[in-house]
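The listed protein sequences correspond, in order, to chains A and B.
Counted the way the numbering used here counts, the first sequence spans residues 146 to 576.
Counted the way the numbering used here counts, the second sequence spans residues 146 to 576.
Some hints here could point you the wrong way.
Remember, identical chains collapse to one label, so a pair may be satisfied in a single copy or spanning two.
Straight-line Cα separation of at most 20 angstroms, SDA-like style, residue types lysine to any residue; simulated pairs [as the list claims (entries may be wrong)]:
(1) K415 <-> R432
(2) K329 <-> Y200
(3) K415 <-> H315
(4) K469 <-> R209
(5) K566 <-> R190
(6) K174 <-> I470
(7) K374 <-> E236
(8) K530 <-> R335
(9) K167 <-> L330
(10) K201 <-> K322
(11) K174 <-> K265
(12) K546 <-> A321
(13) K483 <-> C527
(14) K167 <-> H478
(15) K174 <-> S360
(16) K483 <-> V261
(17) K483 <-> R206
(18) K363 <-> I516
(19) K265 <-> G472
(20) K363 <-> E438
Bear in mind the hints are in silico, worked out from the structure with no lab data behind them.
Below, each chain spelled out in residue letters.
Number of protein chains: 2
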Amino acid sequence: MVKIGLIGCGTVGQGVLRIIEKHRASIEKRVGAPVEIVKICDVKRKVMDQLPAKYKNSFCRDYREVLNDPEIDLVIELVGGTDFAREVVLEAFRQGKHVVTANKALLSQYWDEIFVQARKFGVLIYFEASVGGGIPVIQALNDGLAANKIESILGILNGTTNYILTKMSHEKMPFAKALRLARKLGFAERNPSLDIKGIDSRHKISILASIAFGSWIKPSEIYAEGIQKISLQDILYAEEEFGYAVKLLAIAKDDNGSIEIRVHPTMINKEHLLTSVNNQFNAIYIRGDAAGETMYYGQGAGQMPAASAVVSDVIDLSRNIFNKIAGTIPYVHYDPYKKIKIKNIAEVIVKYYIRFTTVDKPGVLSKISGILGKHHVSIEACLQKGQSGRRRVPIIMITHKAKEKDVMRALQEIDNLAISKSKTVYIRIEE
Amino acid sequence: MVKIGLIGCGTVGQGVLRIIEKHRASIEKRVGAPVEIVKICDVKRKVMDQLPAKYKNSFCRDYREVLNDPEIDLVIELVGGTDFAREVVLEAFRQGKHVVTANKALLSQYWDEIFVQARKFGVLIYFEASVGGGIPVIQALNDGLAANKIESILGILNGTTNYILTKMSHEKMPFAKALRLARKLGFAERNPSLDIKGIDSRHKISILASIAFGSWIKPSEIYAEGIQKISLQDILYAEEEFGYAVKLLAIAKDDNGSIEIRVHPTMINKEHLLTSVNNQFNAIYIRGDAAGETMYYGQGAGQMPAASAVVSDVIDLSRNIFNKIAGTIPYVHYDPYKKIKIKNIAEVIVKYYIRFTTVDKPGVLSKISGILGKHHVSIEACLQKGQSGRRRVPIIMITHKAKEKDVMRALQEIDNLAISKSKTVYIRIEE
């Protein structure tokens, strides 16, 4: 029998129990052995009252009861946060226990320590639920695409922001109203700033890229920009005038051994499949050198999708535990000594959507394009709509590919001109 | 070391060799041991000339040289067809060798025999490349969604037909011209009838459904209708008047233990993500009871995508072989004694798009709707465009959900009327 301890029995933990009870027969057939959750730990005593009767005697409030139980082979860590979770996971390793976690912040921030320690103690840590909820994308990267050198990953990794952007685009809803609606429907947390600012996506692309490129890419090395400054106006211009949709993309690319990695609102061509990924859904678009382009889509969050991913990890890991091979080979093929070069955001070369707000006077366009040209930024398309009688007019440009630092210098210079009436807006374009 | 024999070294086989040479280091790290292709067999002698120098001495033309080599642990079967391939696979099992195959016809037609024999000899057979080319969907069903009861699968499983339907829709190209273009670009075989008629999709949905529902669903039990009768006119009506796209879908659903499984041209709402799967791409949309809706997208065919899937199987299987656990648990969790009920197509209940061609006379519409009503088919929407001066006019209807056999009886009765000027066209709608 494979004996499991569950630490942190909130929404996802209770979903895990539900799945195991409901599908016990098929789960045990897949593992090849009985699987039992023998201890459940949560700091909140009221959790015990919500447990199915059979689990009430397994409840405890001190996580050390789980970690010190010599019969437990596998610990499911669902406490969230990083400090306490790190302690739990590292202590589980020391006790020779394998771990399943959904904790993206923990993994992305302590990747090296976690995998080095797991190796040291000959145990495994699985983490399918940490990225993309119920979408088996960690497994796809790790196993399904194992024959490939990964060339690029484009991810819609955050359901809250994708929901907001979808509402803005499809229903012409301003940002604040879309955010309120997301909150009301449970797609946004009470404090959604980690989502809105792209921090959640940064954790997730850190994990995906660290697997794909075989070396830890720290969240602090990843440029992240949120959607808080995206206006309805820019979304509508992008769609109606240029055929682009705006998505918060997490992007990681291998550019000849130098890794380009960034999170920001991005315009993508409406023909691209990612633009059809709407509402709270997530998707990860991966290009491999053999498989070509593949995409994985599904619910990026929620009790049952996350529990689905946790239980699929539990099944796979339990099978390895029962066969006594768990830990003989690391789950993630990653080299703590491999150093990869991260390209600075200033060096990134993309196309830009730029919206200037200027006075309506002759010569403005030539002034702006002159400054852009001086900084090696050339213009692919320009739109200046006559809005007679207005003192501020928008001028919208799509640039050819240009280097980020050149664009930033040009925009700074333009924003300092007297003709500029408010800070210029830019959104990067992904081809 | 894990020693491999390759039987059938055509396009995909040569792709497999390329990947193994290119990514040997990372593959061996994942396996935990060296991996070597020690024998390559093909009936065509000229294949030897195309092999990289290091493999020339490993070439043979008699497959028994591979199967009788006691050092070989794993056989990659890429010969295609069913009779000879079946012999190769069963003999490999008898010799205690594990198998990786891309052969969808073989698997769907001999599922029971193959898995019973594999179990008997304690070996495994992997087959990721048999469905969806480079998309790791077999793995997703088998492992990533292992915690789920699968409720439904909707698949665009054939690249040729999806390419043709995309060209018809996006470029208003008639069927015959789109087929010629597909041939020219290599997206259709010289004899594309297995693709066009839905037979290829039938093999593939047989495999997916047999895994998902844990019991062999024979191709002969699956209703299949191709795209050969789809006219440009119906595609344009569907899109422009009703907001539907037409796709060749393979559908499998668990309706309370009775399995509904069918392949046919299908109208789906343009909001559905599958309608954005275009050209030669494939996608599989799976609903599980915990994960909810997930989708897997990519190249359904082609040398390198298929080779990517074969090599990912080789890596996983080699790891199990090296750890001496390959065969302890079956790869597919399937019960040869489980009998599931397949719903007859006549009992299926869906909405229909129906196009009648009638004379332009008063009373026609009431006559048609009367007959439909008599057969319990009610109308949700109706479109009759005035086309003055024409002797034949189209009347288009979208029905509410109705039973297939009722619709067929009604259409037969209507087609027998003097007012009907040609056979009524119908396309099922998936909500």
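Cross-check of the supplied hints:
| no. | hint | result |
| --- | --- | --- |
| 1 | K415 <-> R432 | within (19 angstroms within a copy, 26 angstroms between copies) |
| 2 | K329 <-> Y200 | neither (33 angstroms within a copy, 63 angstroms between copies) |
| 3 | K415 <-> H315 | both (13 angstroms within a copy, 14 angstroms between copies) |
| 4 | K469 <-> R209 | neither (25 angstroms within a copy, 35 angstroms between copies) |
| 5 | K566 <-> R190 | neither (58 angstroms within a copy, 75 angstroms between copies) |
| 6 | K174 <-> I470 | both (18 angstroms within a copy, 16 angstroms between copies) |
| 7 | K374 <-> E236 | neither (42 angstroms within a copy, 65 angstroms between copies) |
| 8 | K530 <-> R335 | neither (40 angstroms within a copy, 53 angstroms between copies) |
| 9 | K167 <-> L330 | neither (27 angstroms within a copy, 49 angstroms between copies) |
| 10 | K201 <-> K322 | neither (43 angstroms within a copy, 68 angstroms between copies) |
| 11 | K174 <-> K265 | between (31 angstroms within a copy, 17 angstroms between copies) |
| 12 | K546 <-> A321 | neither (32 angstroms within a copy, 40 angstroms between copies) |
| 13 | K483 <-> C527 | neither (45 angstroms within a copy, 65 angstroms between copies) |
| 14 | K167 <-> H478 | between (33 angstroms within a copy, 17 angstroms between copies) |
| 15 | K174 <-> S360 | between (35 angstroms within a copy, 14 angstroms between copies) |
| 16 | K483 <-> V261 | within (13 angstroms within a copy, 45 angstroms between copies) |
| 17 | K483 <-> R206 | neither (41 angstroms within a copy, 43 angstroms between copies) |
| 18 | K363 <-> I516 | neither (36 angstroms within a copy, 68 angstroms between copies) |
| 19 | K265 <-> G472 | within (10 angstroms within a copy, 29 angstroms between copies) |
| 20 | K363 <-> E438 | neither (26 angstroms within a copy, 31 angstroms between copies) |
Checked against the numbered hints above, the structure violates hints 2, 4, 5, 7, 8, 9, 10, 12, 13, 17, 18, 20; every other hint is satisfied.
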